[in-house]
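Engineer: Quick mapping for you: the protein sequence lines, in order, are chains B and V.
Residue numbering for the first sequence follows the working numbering, beginning at 127 and increasing consecutively.
Residue numbering for the second sequence follows the working numbering, beginning at 73 and increasing consecutively.
Be aware that a few hints might be false.
Claimed, not checked - Computed far set for chain V versus chain B, every beta-carbon distance over 12 Å:
#1 Ser152
#2 Val155
#3 Asn287
#4 Gly326
#5 Ala370
#6 Ala486
#7 Ala512
As the list claims (entries may be wrong) - Taking lysine-lysine and the DSS-like style, the derived pairs with C-alpha atoms no more than 30 Å apart in a straight line are:
#8 Lys709/V with Lys688/V
#9 Lys207/B with Lys248/V
#10 Lys573/V with Lys198/B
Worth flagging that the hints you see were computed from the coordinates, not collected in a lab.
Everything numeric in this text was worked out from a predicted model, so none of it was measured.
Virtual Cβ for every residue (Gly too), placed ideally from N, Cα, C.
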Amino acid sequence: MDENEAAAPAVAMVLAAVAAPEEDLVKTSEAFLTDASAALKALEEVDADLAAILSDHLLTVTPDANVIANAKAAILALAAKRAAPAEEQADG
Amino acid sequence: MADRTLLHSLTLEGFRAYLQPKTFDFSKKPSLAIFAPNGLGKSSVIDALEFLFSEHGTLERIGQRTLNNQAGPSALAHNSAEVAGIAPVVKFTTITGKVTADGSRIAVGNPRPIHAAASAMKAGFVVAPIIRGYTLRTFVEEQKAETRYSDVVSWLQLSPLVEVQKNLRLLRREVKAAAESTTEQVRLAGLLRSETGQTVHAWHDAAVLNFINANVIPPLDPSLILAVLDAADASYLEVGKRAEAEERRVGLAGLRQIRNSVTALWQKTVPEDGRDSDYSGAVAEFENALSELADATAIETDERDNAAGTAFRSLWKEAEKLFAEGAPALQECPVCATSIENTPAGSVSAIRGLLKAHLDDLQSYSDAKIALDDANAAATQAHNRLVARLPGMIDHLSEEDPDGFREALIAYQAGIAGWPVSAAPDTLAITAALEARRMALDQEIAHIEEKQGEHTWVKAYASIGRLLKLQTDVVKATRTTEALTALHGALSTQATLVSGKIRETVQSLLDTLQSPMNAIYKEIQGDNAKPIRLELPGEDDTNQQRMQLVIDFAENRHGVAPGGYLSDSQIHSVALALRLAAIKKFNGAAPVIALDDVVTSYDADHRRAIGALLAKMFTDCQIILVTHDERFFNHLKDQLAAKEWQFTRIIGLDPAFGPRFADHKVTDEMIAARWVKGESAANEMRQAEEEWLLGIARGFGVNVRIRSLEKAYSYERSELASAIGGFLSDLKLKPADVPGVNNRFIASLVKGDIENFGSHFQDAPYGDGSIGDEKTRWDEFKAFRGQFVCVCGRTKYQRPFGLNKPVCAHDKCETQFTFKPIPEGAAAAAKA
Chain B
127 MDENEAAAPA
137 VAMVLAAVAA
147 PEEDLVKTSE
157 AFLTDASAAL
167 KALEEVDADL
177 AAILSDHLLT
187 VTPDANVIAN
197 AKAAILALAA
207 KRAAPAEEQA
217 DG
Chain V
73 MADRTLLHSL
83 TLEGFRAYLQ
93 PKTFDFSKKP
103 SLAIFAPNGL
113 GKSSVIDALE
123 FLFSEHGTLE
133 RIGQRTLNNQ
143 AGPSALAHNS
153 AEVAGIAPVV
163 KFTTITGKVT
173 ADGSRIAVGN
183 PRPIHAAASA
193 MKAGFVVAPI
203 IRGYTLRTFV
213 EEQKAETRYS
223 DVVSWLQLSP
233 LVEVQKNLRL
243 LRREVKAAAE
253 STTEQVRLAG
263 LLRSETGQTV
273 HAWHDAAVLN
283 FINANVIPPL
293 DPSLILAVLD
303 AADASYLEVG
313 KRAEAEERRV
323 GLAGLRQIRN
333 SVTALWQKTV
343 PEDGRDSDYS
353 GAVAEFENAL
363 SELADATAIE
373 TDERDNAAGT
383 AFRSLWKEAE
393 KLFAEGAPAL
403 QECPVCATSI
413 ENTPAGSVSA
423 IRGLLKAHLD
433 DLQSYSDAKI
443 ALDDANAAAT
453 QAHNRLVARL
463 PGMIDHLSEE
473 DPDGFREALI
483 AYQAGIAGWP
493 VSAAPDTLAI
503 TAALEARRMA
513 LDQEIAHIEE
523 KQGEHTWVKA
533 YASIGRLLKL
543 QTDVVKATRT
553 TEALTALHGA
563 LSTQATLVSG
573 KIRETVQSLL
583 DTLQSPMNAI
593 YKEIQGDNAK
603 PIRLELPGED
613 DTNQQRMQLV
623 IDFAENRHGV
633 APGGYLSDSQ
643 IHSVALALRL
653 AAIKKFNGAA
663 PVIALDDVVT
673 SYDADHRRAI
683 GALLAKMFTD
693 CQIILVTHDE
703 RFFNHLKDQL
713 AAKEWQFTRI
723 IGLDPAFGPR
733 FADHKVTDEM
743 IAARWVKGES
753 AANEMRQAEE
763 EWLLGIARGF
773 GVNVRIRSLE
783 KAYSYERSEL
793 ASAIGGFLSD
803 LKLKPADVPG
813 VNNRFIASLV
823 KGDIENFGSH
833 FQDAPYGDGS
843 IGDEKTRWDE
853 FKAFRGQFVC
863 VCGRTKYQRP
873 FGLNKPVCAH
883 DKCETQFTFK
893 PIPEGAAAAA
903 KA
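Work the whole structure out from these sequences, hints included.
Structural biologist: See below:
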């Protein structure tokens, strides 16, 4: 009998011998960022508008090429909105 | 437990160094070790794996684009693939549980999409499964902490998180800069300085209010004071009302405009030196033009009478020549033949004087006529100007017309319009009225200028309005800056939270890896090896995205970088241990490890240690390993289980074929297949013979002389043949003659000159090299080889320590080696 024949179950042995998978230890980046985004928004004393901007622009695995400029523009717009007098804010 | 996925086979065709198809079959032995000197195509196997699982169908080291050096995806294909008509491709089979899946990935053209089966297997690679030796050393020693962090995160396939951390830092920097920017304040301050005539340089409500109450309103009404800087302030509203009222009546500018209209019509200037007054303006100019026209008309009338005989002008001009001085004296009239003496003049000289008087009269008339024409033109121009000026003046006058001036001016305008058909109206009353109006305007303007200068309520209201707008802008800019500062603070908080989460994740992974990494590290470097710590810096911003590898080298050398204290081999081991620990820890769903030349800096003990490590700690993984280190390769063969590992070596690179493997295990069927296709099988025969020779030499445990240093671990066929021949001779074992070759093979063995298998079994070449001849030689060889088959039918031998003769390698046989008689059929076939 050729020794290859004796070794045939080796693949099965390797397949069977591996320890319990550790993949649970490592979330995918996408899942991590989704969770991080949700966690951020759920915090009580967090700036919700800012958290929304971060979620929309940064906390994604496929950020826009102009992610920084876009996020900055959104933050500047938010600051301007907050700086506007109350009646202007009411007018939108 | 979920089923794991392994590679079941891998085929390279027209890919990198492999032109003809080469299949690695992992169905029986899952792990593979390939030895080859550099440049023979061993790394192409690892390249095939990288290509198979890469996102964009390329290799990191050749990139995405073809540059001048011919790298890029075109480098994936064997350089003769196109000529040979071979489509470059990597084929594979995966096995998950008992289910196999076939797939392939074309290595030319665009796109080169990843196969679904490869994607499925890749999903099991939580960390990258390929470790290349050249990346290990740089990881520990040369890379900066930031790059190392990025690498580790990349191995853990968490690169998007590093990108998030980086973007958060960049965004924080940008927002901080925006919050600290003074551009808008500087712009507003510039406007403030301009509006206040450089009086107020920075916005303060009190200072601006003071400026308004001291400079803007007092010239108009010192009693009016703004209480607050607010659009609702009563005084500001009053300023607005006054400005509105001012706009309804004629202001200073308006008065000046009316005065300009008056002086454009009529202005009397009395020189201080007592001379006569000068008159200017359209009315005066028209009057002068009319006066000059009247004079010119009178002169022209007189001159016209004087030149009544102008009809004879031509005749006189001709006669003048006849009676000119120096001309021949005429005796009679050339027209009527009257004697000169009998003419009324009586003489030639008298006639000459008479002609001169007539011609002079004609010249005066001509001059008068020209002067009259000029006067007419001047009067017309002056008339036009006057006609143009009058409506402007009339428009300035109130329609209420309290003093009748407007009506008078309109009547004058009508009279002027009738000229020259009718006579121009008298100007005395009009000019007197204009003069009176001008003087009144002068008085009024002087009075206003004396009272408020250039200030008007309209201007004051506009200025205060602009300052109020500026106040709004300043407040808005200040509030925006405050909001932005607050947002930057919130951003810092949130960024720290997210980055901290990422850091926490990475650190937990590092913590998870720390123990197995050190176990692997110690396995390679020995129990005395100092443990390595993987540390991320604290939460402070500037050190984010850095990872320190530190060791406690000595009592007084805690937490030091390994680069400064560890040997080259140790540094290599640290990186290798980290990578292996990560793969083992996280890639349970697809426990495949590809190692490309990972032992370049190890000494013999450490090479052996790595072999032991793989045998001890990675039996649950499928390992595909290539090395150019033959000693390491031999250590692996010594230590790794033969039932799980296949070992092969590349002995050459055939440009028209690809890498040639020493253990192709060329079968009789493969050789026969060549002949069926009408092709020579000389190479296959030669390789099959080499493989057999090496196997017998190894199994018999023959003594091989030590070769020269530069080929310390390579063997030559002649040495093997000589050693086998000598070994058998010492045992008094003599194989039977092979029919037709007079036992030349064993004689060659003994002599050690069995070098040319194309003409083996004799000293000099024989045969004609045809396929028929090859068949004969192959039957001869098979007949000879058949003598080495054990009684149990196996062909593997071993010679345990202490035994002189080899025994069958199978543990249920172990029959002592002896030559098997050549079967009649084989002998007959060989003989035929």
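Engineer: Non-interface claim for Ala512/V: all C-beta distances to chain B beyond 12 Å?
Structural biologist: At roughly 51 Å from the nearest Cβ of chain B, Ala512/V sits farther out than 12 Å, so the non-interface label holds.
Engineer: Since Ser152/V was said not to touch the interface, does its Cβ keep a gap of more than 12 Å from each Cβ of chain B?
Structural biologist: Fine: 33 Å to the nearest Cβ keeps Ser152/V off the interface.
Engineer: Within 30 Å, alpha carbon to alpha carbon, are Lys207/B and Lys248/V?
Structural biologist: Distance of about 18 Å is within 30 Å: holds.
Engineer: Does Asn287/V clear chain B by more than 12 Å, comparing its Cβ with all Cβ atoms of that chain?
Structural biologist: holds (28 Å)
Engineer: Quick one, are Lys573/V and Lys198/B close enough, alpha carbons at most 30 Å?
Structural biologist: Holds: Lys573/V and Lys198/B sit about 22 Å apart, inside 30 Å.
Engineer: Does Lys688/V lie within 30 Å of Lys709/V when you go C-alpha to C-alpha?
Structural biologist: With Cα atoms ~14 Å apart, Lys709/V and Lys688/V stay inside 30 Å; holds.
Engineer: Does Gly326/V clear chain B by more than 12 Å, comparing its Cβ with all Cβ atoms of that chain?
Structural biologist: holds (39 Å)
Engineer: Please settle this one: Ala370/V was flagged as non-interface, so is its CB more than 12 Å from every CB on chain B?
Structural biologist: holds (82 Å)
Engineer: Test the statement that Val155/V is away from the interface with chain B: the closest C-beta pair must be farther apart than 12 Å.
Structural biologist: At about 36 Å from chain B, Val155/V clears the 12 Å cut-off, so the statement holds.
Engineer: Taking C-beta pairs only, is Ala486/V more than 12 Å away from all of chain B?
Structural biologist: holds (59 Å)
When the structure is compared with the earlier hints, no violation turns up for any of them.
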